[in-house]
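J.: Each chain, written out:
Protein chains: 2
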Amino acid sequence: MAVYTRVSDDALAAFLGDYDLGKALSFKGIAEGVENSNYYLETDQGRFILTLFERRADPQDLPYFMALKQHLAAKKFPCPAPIADKEGNVLRELEGRPAVIVTFLDGLSPSRPSTSQCRSMGENLARMHEALADFDGVRANALGPASWPSLWHGREETAESLMEGLSGLIESDLKAVAASKPQSLEIPRGTIHADLFPDNVFFIGEQFSGAIDFYFACTDALAYDLAVCINSWAFEDGKEFNYSKGAALISGYESVRPLESAERDALPVLCRGAALRFFLTRLVDWTDTPEDALVRPKSPMEYATRLAFHRKAVSAADYGA
Amino acid sequence: MAVYTRVSDDALAAFLGDYDLGKALSFKGIAEGVENSNYYLETDQGRFILTLFERRADPQDLPYFMALKQHLAAKKFPCPAPIADKEGNVLRELEGRPAVIVTFLDGLSPSRPSTSQCRSMGENLARMHEALADFDGVRANALGPASWPSLWHGREETAESLMEGLSGLIESDLKAVAASKPQSLEIPRGTIHADLFPDNVFFIGEQFSGAIDFYFACTDALAYDLAVCINSWAFEDGKEFNYSKGAALISGYESVRPLESAERDALPVLCRGAALRFFLTRLVDWTDTPEDALVRPKSPMEYATRLAFHRKAVSAADYGA
Numbered sequence: 092m093a094v095y096t097r098v099s100d101d102a103l104a105a106f107l108g109d110y111d112l113g114k115a116l117s118f119k120g121i122a123e124g125v126e127n128s129n130y131y132l133e134t135d136q137g138r139f140i141l142t143l144f145e146r147r148a149d150p151q152d153l154p155y156f157m158a159l160k161q162h163l164a165a166k167k168f169p170c171p172a173p174i175a176d177k178e179g180n181v182l183r184e185l186e187g188r189p190a191v192i193v194t195f196l197d198g199l200s201p202s203r204p205s206t207s208q209c210r211s212m213g214e215n216l217a218r219m220h221e222a223l224a225d226f227d228g229v230r231a232n233a234l235g236p237a238s239w240p241s242l243w244h245g246r247e248e249t250a251e252s253l254m255e256g257l258s259g260l261i262e263s264d265l266k267a268v269a270a271s272k273p274q275s276l277e278i279p280r281g282t283i284h285a286d287l288f289p290d291n292v293f294f295i296g297e298q299f300s301g302a303i304d305f306y307f308a309c310t311d312a313l314a315y316d317l318a319v320c321i322n323s324w325a326f327e328d329g330k331e332f333n334y335s336k337g338a339a340l341i342s343g344y345e346s347v348r349p350l351e352s353a354e355r356d357a358l359p360v361l362c363r364g365a366a367l368r369f370f371l372t373r374l375v376d377w378t379d380t381p382e383d384a385l386v387r388p389k390s391p392m393e394y395a396t397r398l399a400f401h402r403k404a405v406s407a408a409d410y411g412a
Numbered sequence: 092m093a094v095y096t097r098v099s100d101d102a103l104a105a106f107l108g109d110y111d112l113g114k115a116l117s118f119k120g121i122a123e124g125v126e127n128s129n130y131y132l133e134t135d136q137g138r139f140i141l142t143l144f145e146r147r148a149d150p151q152d153l154p155y156f157m158a159l160k161q162h163l164a165a166k167k168f169p170c171p172a173p174i175a176d177k178e179g180n181v182l183r184e185l186e187g188r189p190a191v192i193v194t195f196l197d198g199l200s201p202s203r204p205s206t207s208q209c210r211s212m213g214e215n216l217a218r219m220h221e222a223l224a225d226f227d228g229v230r231a232n233a234l235g236p237a238s239w240p241s242l243w244h245g246r247e248e249t250a251e252s253l254m255e256g257l258s259g260l261i262e263s264d265l266k267a268v269a270a271s272k273p274q275s276l277e278i279p280r281g282t283i284h285a286d287l288f289p290d291n292v293f294f295i296g297e298q299f300s301g302a303i304d305f306y307f308a309c310t311d312a313l314a315y316d317l318a319v320c321i322n323s324w325a326f327e328d329g330k331e332f333n334y335s336k337g338a339a340l341i342s343g344y345e346s347v348r349p350l351e352s353a354e355r356d357a358l359p360v361l362c363r364g365a366a367l368r369f370f371l372t373r374l375v376d377w378t379d380t381p382e383d384a385l386v387r388p389k390s391p392m393e394y395a396t397r398l399a400f401h402r403k404a405v406s407a408a409d410y411g412a
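Taken in order, these protein sequences are the chains called A and B.
What the first sequence shows, in our numbering, is residues 92 to 412, in sequence order.
What the second sequence shows, in our numbering, is residues 92 to 412, in sequence order.
A couple of the hints might just be wrong.
Which copy? The list can't say, so a pair holds if one copy fits it or any two copies do.
Stated by the list, open to error - In silico DMTMM-like cross-links for lysine to aspartate or glutamate, where the CA-CA straight-line distance does not exceed 20 Å:
(1) Lys166 to Glu255
(2) Lys167 to Asp356
(3) Lys119 to Glu133
(4) Lys177 to Glu345
(5) Lys403 to Asp356
(6) Lys114 to Glu297
(7) Lys119 to Asp197
(8) Lys389 to Glu248
(9) Lys403 to Asp101
(10) Lys330 to Glu345
(11) Lys330 to Glu221
(12) Lys389 to Asp290
(13) Lys119 to Glu297
(14) Lys330 to Glu126
(15) Lys272 to Asp356
(16) Lys389 to Asp379
(17) Lys167 to Asp152
Source of the hints: derived by calculation from the structure; they are not laboratory data.
Fair warning: this is a prediction, and the values are worked out from it, not measured in the lab.
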């Protein structure tokens with residue numbers, strides 16, 4: 092939540108000169124996204140977001156993300172649509188960073204998604220998967236199971252300091268997910284968002300108005316995207332599973348794209364895997380952030396408590412399916 | 092440049108229910124101002140800024156700032172105008188903080204103000220002073236000369252570590268300004284902004300479109316406001332005085348409100364005092380910010396080099412008057 096790179100008004104004016112967007116009327120750094128610098132940009136032609144990609148973004152991945160959002164926008168799925176300059180380029184450079192201008196999406200992120208918002212999220216997740224069915228970009232999931240041992244290694248003591256016995260539990264989660272991996276590869280794969288937390292989704296009232304922040308998008312099991320949503324939308328106050336919200340997500344999803352039986356069977360292990368992924372990346376941030384940093388990282392414990400739920404789940408029915 | 096307090100969508104909806112602004116269509120934390128949390132807020136009725144006042148703001152000062160901006164807005168001087176709720180209150184509470192909704196101003200802050208922007212700034216500074224001539228609010232300048240010894244005390248070594256000999260020079264500046272204080276009290280006083288850096292001013296192209304961030308506003312010498320502008324607008328790359336820009340600021344100001352001869356005489360000491368004020372507050376931030384903080388404070392040295400210029404100035408003519 093920060094602006095890392097400042098853009099001078101002169102640099103902005105020169106940059107905008109290459110687009111058919113008119114001149115800037117307003118330009119403000121916004122606290123959206125954690126990895127890049129984002130600016131609210133208003134011109135004669137409307138409202139936009141200007142994103143500058145900071146060091147953590149791999150420049151080689153950017154064309155994939157641009158193509159993905161262009162594909163979604165062309166299918167009328169509401170997302171930030173990259174705007175091409177006069178020569179047709181969407182990826183540009185500004186202040187020494189890769190940069191893109193995208194359309195502005197109305198809407199607010201729900202702090203505590205309602206059951207009807209969960210249902211709408213499920214529906215729109217399935218719509219997004221369908222819209223991406225003929226997208227031919229491919230990107231490996233850099234935070235998939237193969238990455239977890241290296242995230243975990245050396246952080247066992249930190250986990251133990253957060254909760255006694257947690258280290259052994261995480262080991263068992265890693266083994267359980269690894270053991271089931273062959274099955275999960277047999278379920279339908281495609282392009283997924285992989286980070287569809289409520290923070291990355293906008294609503295106007297109960298109406299879904301769009302998804303943002305596609306920078307973890309990758310090629311993986313479609314039902315894993317639903318598992319990420321179950322973890323981030325259906326657990327209340329970071330702990331208690333809300334069965335109605337889980338059921339709303341799944342039935343909303345299935346109203347557009349019914350799950351195959353193999354996907355339903357895989358749901359508990361996918362949910363456990365998704366919780367592990369967020370537990371581990373939060374644990375890394377927790378360990379690596381200096382104690383006196385301005386921004387404290389989110390606690391990994393929210394995901395440790397979700398993992399406790401997933402360990403006991405035996406079927407998709409436990410999630411409301 | 093940060094958002095310190097998060098506002099949930101539910102809290103925002105409840106808060107907006109007390110206004111005639113319709114419902115929220117967009118809500119984003121923006122990186123504007125260094126002391127408070129600011130949000131871009133769009134509703135059915137238009138665009139606004141929602142400000143939450145953080146700890147450094149003295150709640151007792153807030154009614155003064157609100158009244159000042161309401162006064163300016165009523166006089167059609169472009170500034171963020173506080174919006175009253177259905178019961179006529181402008182200062183409210185949200186997420187445990189004093190909060191206000193103000194109108195949104197179009198425009199961009201100039202990174203390197205042009206000479207014509209300097210002239211326009213001078214004109215509009217004088218217009219602001221005239222619009223405030225009948226404002227009856229009073230607030231002492233908390234960062235006036237009386238505050239400087241306590242800001243300075245104990246930081247002599249830090250100054251010396253920035254530049255050998257700087258400590259003695261600052262002592263001489265403090266003495267010189269203190270010695271001239273009786274004169275500067277005889278010049279016209281009124282309500283001043285006291286922090287009109289280019290960051291706090293918007294332009295659309297060369298056209299002044301408004302001033303923001305009135306949270307240092309106070310009752311002091313009018314020409315001190317011009318001295319703050321000379322320091323922050325007419326020195327290029329933080330060092331070199333640009334005579335044309337100084338002349339543009341002063342002649343722009345005088346095209347609306349001619350300076351009295353006592354004000355012209357006081358200009359060098361006012362400029363020196365303004366540079367001291369920003370040198371000292373930056374020195375405090377420099378000393379008090381941990382080395383590994385995410386946001387490095389601005390270097391006090393930019394103002395040490397301005398002080399070197401002011402020490403040699405003998406009359407307003409040195410600034411382009």
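J.: Now tell me, hint by hint, if it's right for this structure.
T.: A quick look at each hint next to the structure:
no., hint, verdict
1, Lys166 to Glu255, "neither (49 Å within a copy, 65 Å between copies)"
2, Lys167 to Asp356, "neither (32 Å within a copy, 66 Å between copies)"
3, Lys119 to Glu133, "both (9 Å within a copy, 14 Å between copies)"
4, Lys177 to Glu345, "neither (42 Å within a copy, 44 Å between copies)"
5, Lys403 to Asp356, "within (14 Å within a copy, 81 Å between copies)"
6, Lys114 to Glu297, "between (35 Å within a copy, 13 Å between copies)"
7, Lys119 to Asp197, "both (16 Å within a copy, 10 Å between copies)"
8, Lys389 to Glu248, "within (18 Å within a copy, 39 Å between copies)"
9, Lys403 to Asp101, "neither (58 Å within a copy, 33 Å between copies)"
10, Lys330 to Glu345, "neither (25 Å within a copy, 64 Å between copies)"
11, Lys330 to Glu221, "neither (31 Å within a copy, 58 Å between copies)"
12, Lys389 to Asp290, "within (13 Å within a copy, 32 Å between copies)"
13, Lys119 to Glu297, "between (28 Å within a copy, 19 Å between copies)"
14, Lys330 to Glu126, "neither (26 Å within a copy, 34 Å between copies)"
15, Lys272 to Asp356, "within (13 Å within a copy, 81 Å between copies)"
16, Lys389 to Asp379, "within (12 Å within a copy, 26 Å between copies)"
17, Lys167 to Asp152, "neither (23 Å within a copy, 49 Å between copies)"
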